[in-house]
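Protein chains: 2
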Amino acid sequence: MHPYLLLTSSLIAIARLLGQPALAQVSEEAPLTVGARTVPVPDTVSPRLRQLIARKYVNGGTPQTPEGWRALVATASSAEVARVPSLKAQFDVEVEPKLIAGVHCFIVTPRVIPARHRDRLLVHVHGGAYVLFPGVAATPEAIIMAGVSHTRVISIDYRMPPDFPYPAAMDDAMAVWKVVVTQQKPKNIAIFGTSTGGGMTLAMVQRAKEENLPLPGAIAPGTPWSDLTKTGDSYFVNESIDNILGAYEPFLAAAANLYANGRDLKDPHLSPVNGEFKGFPPTILTTGTRDLFLSNTVRVHRKLREANVIAELEVFEGQSHADYIIDATTPESKEAFEEIAKFFDTHLGR
Amino acid sequence: MHPYLLLTSSLIAIARLLGQPALAQVSEEAPLTVGARTVPVPDTVSPRLRQLIARKYVNGGTPQTPEGWRALVATASSAEVARVPSLKAQFDVEVEPKLIAGVHCFIVTPRVIPARHRDRLLVHVHGGAYVLFPGVAATPEAIIMAGVSHTRVISIDYRMPPDFPYPAAMDDAMAVWKVVVTQQKPKNIAIFGTSTGGGMTLAMVQRAKEENLPLPGAIAPGTPWSDLTKTGDSYFVNESIDNILGAYEPFLAAAANLYANGRDLKDPHLSPVNGEFKGFPPTILTTGTRDLFLSNTVRVHRKLREANVIAELEVFEGQSHADYIIDATTPESKEAFEEIAKFFDTHLGR
Numbered sequence: 020m021h022p023y024l025l026l027t028s029s030l031i032a033i034a035r036l037l038g039q040p041a042l043a044q045v046s047e048e049a050p051l052t053v054g055a056r057t058v059p060v061p062d063t064v065s066p067r068l069r070q071l072i073a074r075k076y077v078n079g080g081t082p083q084t085p086e087g088w089r090a091l092v093a094t095a096s097s098a099e100v101a102r103v104p105s106l107k108a109q110f111d112v113e114v115e116p117k118l119i120a121g122v123h124c125f126i127v128t129p130r131v132i133p134a135r136h137r138d139r140l141l142v143h144v145h146g147g148a149y150v151l152f153p154g155v156a157a158t159p160e161a162i163i164m165a166g167v168s169h170t171r172v173i174s175i176d177y178r179m180p181p182d183f184p185y186p187a188a189m190d191d192a193m194a195v196w197k198v199v200v201t202q203q204k205p206k207n208i209a210i211f212g213t214s215t216g217g218g219m220t221l222a223m224v225q226r227a228k229e230e231n232l233p234l235p236g237a238i239a240p241g242t243p244w245s246d247l248t249k250t251g252d253s254y255f256v257n258e259s260i261d262n263i264l265g266a267y268e269p270f271l272a273a274a275a276n277l278y279a280n281g282r283d284l285k286d287p288h289l290s291p292v293n294g295e296f297k298g299f300p301p302t303i304l305t306t307g308t309r310d311l312f313l314s315n316t317v318r319v320h321r322k323l324r325e326a327n328v329i330a331e332l333e334v335f336e337g338q339s340h341a342d343y344i345i346d347a348t349t350p351e352s353k354e355a356f357e358e359i360a361k362f363f364d365t366h367l368g369r
Numbered sequence: 020m021h022p023y024l025l026l027t028s029s030l031i032a033i034a035r036l037l038g039q040p041a042l043a044q045v046s047e048e049a050p051l052t053v054g055a056r057t058v059p060v061p062d063t064v065s066p067r068l069r070q071l072i073a074r075k076y077v078n079g080g081t082p083q084t085p086e087g088w089r090a091l092v093a094t095a096s097s098a099e100v101a102r103v104p105s106l107k108a109q110f111d112v113e114v115e116p117k118l119i120a121g122v123h124c125f126i127v128t129p130r131v132i133p134a135r136h137r138d139r140l141l142v143h144v145h146g147g148a149y150v151l152f153p154g155v156a157a158t159p160e161a162i163i164m165a166g167v168s169h170t171r172v173i174s175i176d177y178r179m180p181p182d183f184p185y186p187a188a189m190d191d192a193m194a195v196w197k198v199v200v201t202q203q204k205p206k207n208i209a210i211f212g213t214s215t216g217g218g219m220t221l222a223m224v225q226r227a228k229e230e231n232l233p234l235p236g237a238i239a240p241g242t243p244w245s246d247l248t249k250t251g252d253s254y255f256v257n258e259s260i261d262n263i264l265g266a267y268e269p270f271l272a273a274a275a276n277l278y279a280n281g282r283d284l285k286d287p288h289l290s291p292v293n294g295e296f297k298g299f300p301p302t303i304l305t306t307g308t309r310d311l312f313l314s315n316t317v318r319v320h321r322k323l324r325e326a327n328v329i330a331e332l333e334v335f336e337g338q339s340h341a342d343y344i345i346d347a348t349t350p351e352s353k354e355a356f357e358e359i360a361k362f363f364d365t366h367l368g369r
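As they're listed, the protein sequences go chains Y and S. Letter by letter, the first sequence follows residues 20 to 369 of the working numbering. Letter by letter, the second sequence follows residues 20 to 369 of the working numbering.
Bound-form chain Y, shown alone (with noise of 0.2 Å):
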């Protein structure tokens, strides 16, 4: 420890003696000021990943009328679209899609399912802010993950502001939920998703222990936007560290108003991290030491544990806000797919 810790320990031992808590002298509103700075890249992840590090934060503008928010998805859609053929290839799987409840989805399939996978299913709720990557955009992780574990993946495919704002998302993932546990037994199901797609499988299984349904067997919400409100230490700490999210405002800010449409961001519904995790299947959580929501991930992981959940967390040196989804092609992408699929293989059933 360092010499800090001494002095404060003296403080308070001094202050002890004098009958005074030491610690109430210091204001606790006082903010923490930050000098400028320069922080390298660090040596200590793959060279690929070096590469994602070093780039440079790009600020993609924040659309201020429905058609902006259309056209932005859809140039963003057109990339992420782009993709989706070498990944498929990587991959080995085959997309079709499908309409399950009436909801649009994707059914992803892998060309080799072992037995032991055959009763299984993965649910996916894609990322992208809930108004980004409808369609075939959604579908680049559903994509690694199906790759990955092996397993048949259901992509859906939920209706988005600015058409369509809460509760729009959810009841289509609900829909398609109440569908596929007629299907299969929902112990063998297990739901992910990263970023909003991580915020979703959180609501999506506080939901269901509202309604009565039953639960999955496991659930990896990564890196989950859990708390659409800018609350949580590392919105601040990791602000302009990390290069994908880059701040709250004002995209995120954004992006929270339009699809909430006037409703309170705190409400659970919108913002998981201040729901109920009791009761909650074993659940797996990935984020990085860069991401901006390293906090929405931590927090959770805390609660989860407070409510006797088994609940494992995987913090990736150096990453940015889903690095591990954005560049399929590093191995710590690969190793953080694989503990995935490894924690689904050891809790979901047969």
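Note that these hints are calculated values from the structure, not bench results. Be careful, since some hints might not be right.
[To be verified] One side only, chain Y facing chain S, incomplete, derived with CB under 10 Å:
1) Val60
2) Asp62
3) Thr63
4) Lys75
5) Asp252
6) Val256
7) Asn262
8) Thr308
9) Glu331
Nothing here was measured: the structure is a model prediction, and the numbers come from that model. Here a beta-carbon is modelled for each residue, glycine too, at the ideal position from N, C-alpha and C.
Since chain Y is already given, all that's left is putting chain S on it; use the hints.
This is chain S only, laid out in the frame that chain Y set:
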């Protein structure tokens, strides 16, 4: 996900069309420049922990001479020793000195030990940058753990520089280990410690493997000083954010060199993150989002998981280095030690 993703995805897509890797354009070595800013005290932790987080880092000085180090050690010790009476009362334990294999130790005995813990033993290696907290000053963490886990603890008062640099501390710890494994089933014994104690916990297991000694049944390295060089992203990202350690330079650098006494700091015996993790016992690691040693902790977690070891990671919101032992009255401190006690309950033999 943020529009950044779509822009970089577009870049990649365009580069693919051109037959070039998009990322090659970006210099890997360019550091990130982060402007000055203020970081508020988070409201996502207990009121008492808020007070700890609100405190400013105090530079206690870095001695230049052996006499300077001895003076610092004396001041630091008296402050830690002053905590002991109230900790003994809070956790209802007795502390007795005892020589084991010629090494000064303390036996910490909870007044109440349930039957299922009577054949268990926890071995404690204290923190303090390999130079601070000899004697009774070593015992606070041992007292907390004994009280929370209701298990007997042996705390090793290992020799330290400036008089006894490496390998004295490790030789003492291993001498004690060789004795205790003859008195209790090794699978019923855990090793734990924080900071330097966490690094030594890891190094002890690696050395036990090298020397074909029995391994413990579980270990709990808390925010381990696993890399004595300034290697790992959080040494940079959490510099000036962590209000306990502050930064690597000058204090930690000086302490590392004082301990190493001319040896290469990268030697796995000094920086166990560089060692071998195959065959490790179940391990629980504890750290905080503001911890300067966040990377020291998650890098070890990943190496353990890559070696297929059962390894749990607990990351506490807003905590700097070792906040959970610096004030044993926060609910977060109780939670951290209870997690470790539960982990030992699950994984140690009886």
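Hints versus structure:
no.: 1; hint: Val60; verdict: 6 Å, holds
no.: 2; hint: Asp62; verdict: 7 Å, holds
no.: 3; hint: Thr63; verdict: 6 Å, holds
no.: 4; hint: Lys75; verdict: 8 Å, holds
no.: 5; hint: Asp252; verdict: 4 Å, holds
no.: 6; hint: Val256; verdict: 6 Å, holds
no.: 7; hint: Asn262; verdict: 7 Å, holds
no.: 8; hint: Thr308; verdict: 6 Å, holds
no.: 9; hint: Glu331; verdict: 7 Å, holds
No hint from the list above goes unmet by this structure.
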